[in-house]
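Going down the list, the protein sequences come from chains R and S.
Residues in the first sequence are numbered from 101 upward in steps of one, following the working numbering.
Residues in the second sequence are numbered from 101 upward in steps of one, following the working numbering.
Rather than coming from a laboratory, the hints here were simulated on the basis of the structure.
Since the model is a prediction, treat every value here as computed from it, not as a measurement.
There may be inaccurate statements among the hints.
Any copy will do: because identical chains look the same in the list, a pair fits if it lies in one copy or spans two.
As the list claims (entries may be wrong) - Under the rule of at most 27 Å between Cα atoms (straight-line distance), these lysine-lysine pairs were calculated in the DSSO-like manner:
1. Lys253 x Lys156
2. Lys194 x Lys172
3. Lys194 x Lys218
4. Lys218 x Lys172
5. Lys218 x Lys253
6. Lys176 x Lys218
7. Lys194 x Lys283
8. Lys283 x Lys156
9. Lys117 x Lys156
10. Lys117 x Lys194
11. Lys156 x Lys172
12. Lys253 x Lys194
13. Lys194 x Lys176
Number of protein chains: 2
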Amino acid sequence: MDIYEALYTTRAMRRVKPDPISTDVQAKILDAAIRAPSGGNQQNWAFLLVDDPAIKGELATMYGECIDQLFKTIYKDQAEAAVADPDGNAPFLKMRRSVESAVDNFADYPLFLFGFSKGDRTGGSIYPAIWSAQLAARAEGVGSSLTTVLAFKGDAVPDLLGVPGDSGWAMSCCVPMGYPTGKWGVAPRRPVHEVSYRNQWGQPVGFETPEPLWSSD
Amino acid sequence: MDIYEALYTTRAMRRVKPDPISTDVQAKILDAAIRAPSGGNQQNWAFLLVDDPAIKGELATMYGECIDQLFKTIYKDQAEAAVADPDGNAPFLKMRRSVESAVDNFADYPLFLFGFSKGDRTGGSIYPAIWSAQLAARAEGVGSSLTTVLAFKGDAVPDLLGVPGDSGWAMSCCVPMGYPTGKWGVAPRRPVHEVSYRNQWGQPVGFETPEPLWSSD
Numbered sequence: 101m102d103i104y105e106a107l108y109t110t111r112a113m114r115r116v117k118p119d120p121i122s123t124d125v126q127a128k129i130l131d132a133a134i135r136a137p138s139g140g141n142q143q144n145w146a147f148l149l150v151d152d153p154a155i156k157g158e159l160a161t162m163y164g165e166c167i168d169q170l171f172k173t174i175y176k177d178q179a180e181a182a183v184a185d186p187d188g189n190a191p192f193l194k195m196r197r198s199v200e201s202a203v204d205n206f207a208d209y210p211l212f213l214f215g216f217s218k219g220d221r222t223g224g225s226i227y228p229a230i231w232s233a234q235l236a237a238r239a240e241g242v243g244s245s246l247t248t249v250l251a252f253k254g255d256a257v258p259d260l261l262g263v264p265g266d267s268g269w270a271m272s273c274c275v276p277m278g279y280p281t282g283k284w285g286v287a288p289r290r291p292v293h294e295v296s297y298r299n300q301w302g303q304p305v306g307f308e309t310p311e312p313l314w315s316s317d
Numbered sequence: 101m102d103i104y105e106a107l108y109t110t111r112a113m114r115r116v117k118p119d120p121i122s123t124d125v126q127a128k129i130l131d132a133a134i135r136a137p138s139g140g141n142q143q144n145w146a147f148l149l150v151d152d153p154a155i156k157g158e159l160a161t162m163y164g165e166c167i168d169q170l171f172k173t174i175y176k177d178q179a180e181a182a183v184a185d186p187d188g189n190a191p192f193l194k195m196r197r198s199v200e201s202a203v204d205n206f207a208d209y210p211l212f213l214f215g216f217s218k219g220d221r222t223g224g225s226i227y228p229a230i231w232s233a234q235l236a237a238r239a240e241g242v243g244s245s246l247t248t249v250l251a252f253k254g255d256a257v258p259d260l261l262g263v264p265g266d267s268g269w270a271m272s273c274c275v276p277m278g279y280p281t282g283k284w285g286v287a288p289r290r291p292v293h294e295v296s297y298r299n300q301w302g303q304p305v306g307f308e309t310p311e312p313l314w315s316s317d
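Next up, chain R with everything else stripped away, as it sits in the complex (with noise of 0.2 Å):
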């Protein structure tokens, strides 16, 4: 698969098959992953894959409560609004749709990955990692999302798993896989142009993209 057609399909796949995911398969995903550059090269990070019937059905109670929390906190002011105004909310309702799809399935889904990492106070070491774990999925054709929901739950996720609790390592994201149900594609976004600057903070980037420059056709 071509780089850019990754880059611009890899978006969050929620709705999936509870099809297994084979090791081989597995194995690349992982394999990629760690090829990633971390802070100092220091590769601090650790990977945890869930494919246990019972450690996922703990998972999806935990997560449909973290979701729940989720929407009645950082998202009430959009979730209110969206019900004044469904129409002028629609990208919010899809994504909230999305997700709840993802509670009502979230023990079928065959494969959990879960990254670690430790002394990565920014996110920086340990999501471009995780990010090729995706990109390679999609590669194989298998779809992913990544959620930092089940950090509601404080340890509780990490003790389900096992981690010690003087061990250092912190719980950095879930990324549920499985094929996916329906179709890849582009995912709209603001164009570039309008989320861009050049040299200071306000001025024009110089180029426009109001179209993606990538698609399938």
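Mind docking chain S on chain R? Use the hints.
Frame of chain R, contents of chain S only:
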């Protein structure tokens, strides 16, 4: 370029030529970046390109001071260990030489990409986009590296770049870019089975990958 070639060979590339990067290539890099998913699809990101020589000069001074501070604080123990046992700390010394070359030539990078984020506590929303920018750069033959070290200067760098102090935008990272003087290659890493577990922390991941699963051969 194949996705795996990009994922395996996009290492921190700090030694580059001063040759400019065209705006066409810059547009490809940023248009790939904004396709990344972000938490709740909020796209709470902003990108600032710097190619102004006066600003680059000021950044170079600050970067040098930050790197000095970095090796006297976070990497203090490793730096002392490397003095005592250079052979046993070869990867650290290689990284440090690479960083020192960046200090010496910082003002000569043709382009810097700064990433800014809002409400992104973990970095899970900004770093996938930044890493996509670096992978797209790789596809265009442009080398890059990610540094968060300018944060040592507090607000000095955002102030230099004209970021309003009350805007809520946090500087996530700086990515110097340029066409490499050296060759692309697969960086050595601790293998997957040494940094990965399955279902419970410390349990074998279930496969071994002693050699990289992709190579240019």
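Status of the hints after comparison with the structure:
Taking the shortest Cα distances, Lys253 and Lys156 sit within 27 Å of each other inside one copy (15 Å), while across copies they are farther apart (43 Å). Taking CA atoms no more than 27 Å apart as the test, Lys194 paired with Lys172 passes inside one copy only; the shortest distance there is 17 Å, against 48 Å between copies. Proximity of Lys194 to Lys218 under the C-alpha cut-off of 27 Å is restricted to the inter-copy arrangement: shortest distance 22 Å between copies versus 34 Å within a copy. In this homomeric assembly, Lys218 and Lys172 come within 27 Å of each other (Cα to Cα) only across copies, at 19 Å, whereas the closest approach inside a single copy is 30 Å.
For the homomeric pair Lys218 and Lys253, the shortest alpha-carbon distances inside one copy (19 Å) and between copies (23 Å) are both at most 27 Å. Taking the closest pair of Cα atoms, Lys176 and Lys218 come within 27 Å of each other only across two copies (17 Å); inside a single copy the shortest separation is 31 Å, beyond that limit. Proximity of Lys194 to Lys283 under the C-alpha cut-off of 27 Å is restricted to the intra-copy arrangement: shortest distance 16 Å within a copy versus 44 Å between copies. When the C-alpha separation of Lys283 and Lys156 is checked against a cutoff of 27 Å, the pair qualifies only within one copy, where the shortest distance is 25 Å, while the shortest distance between copies is 44 Å.
Within a single copy, Lys117 and Lys156 get their C-alpha atoms as close as 15 Å, which meets the 27 Å cut-off; across copies the closest is 50 Å, which misses it. Taking the shortest alpha-carbon separations for Lys117 and Lys194, only the intra-copy value of 20 Å comes in at or below 27 Å, while the best inter-copy value is 45 Å. Within a single copy, Lys156 and Lys172 get their C-alpha atoms as close as 24 Å, which meets the 27 Å cut-off; across copies the closest is 44 Å, which misses it. With identical chains, the CA atoms of Lys253 and Lys194 are at most 27 Å apart within one copy only, with a shortest distance of 25 Å there and 40 Å across copies.
Within a single copy, Lys194 and Lys176 get their C-alpha atoms as close as 16 Å, which meets the 27 Å cut-off; across copies the closest is 48 Å, which misses it.
Checked against the numbered hints listed earlier, the structure breaks none of them; every hint is satisfied.
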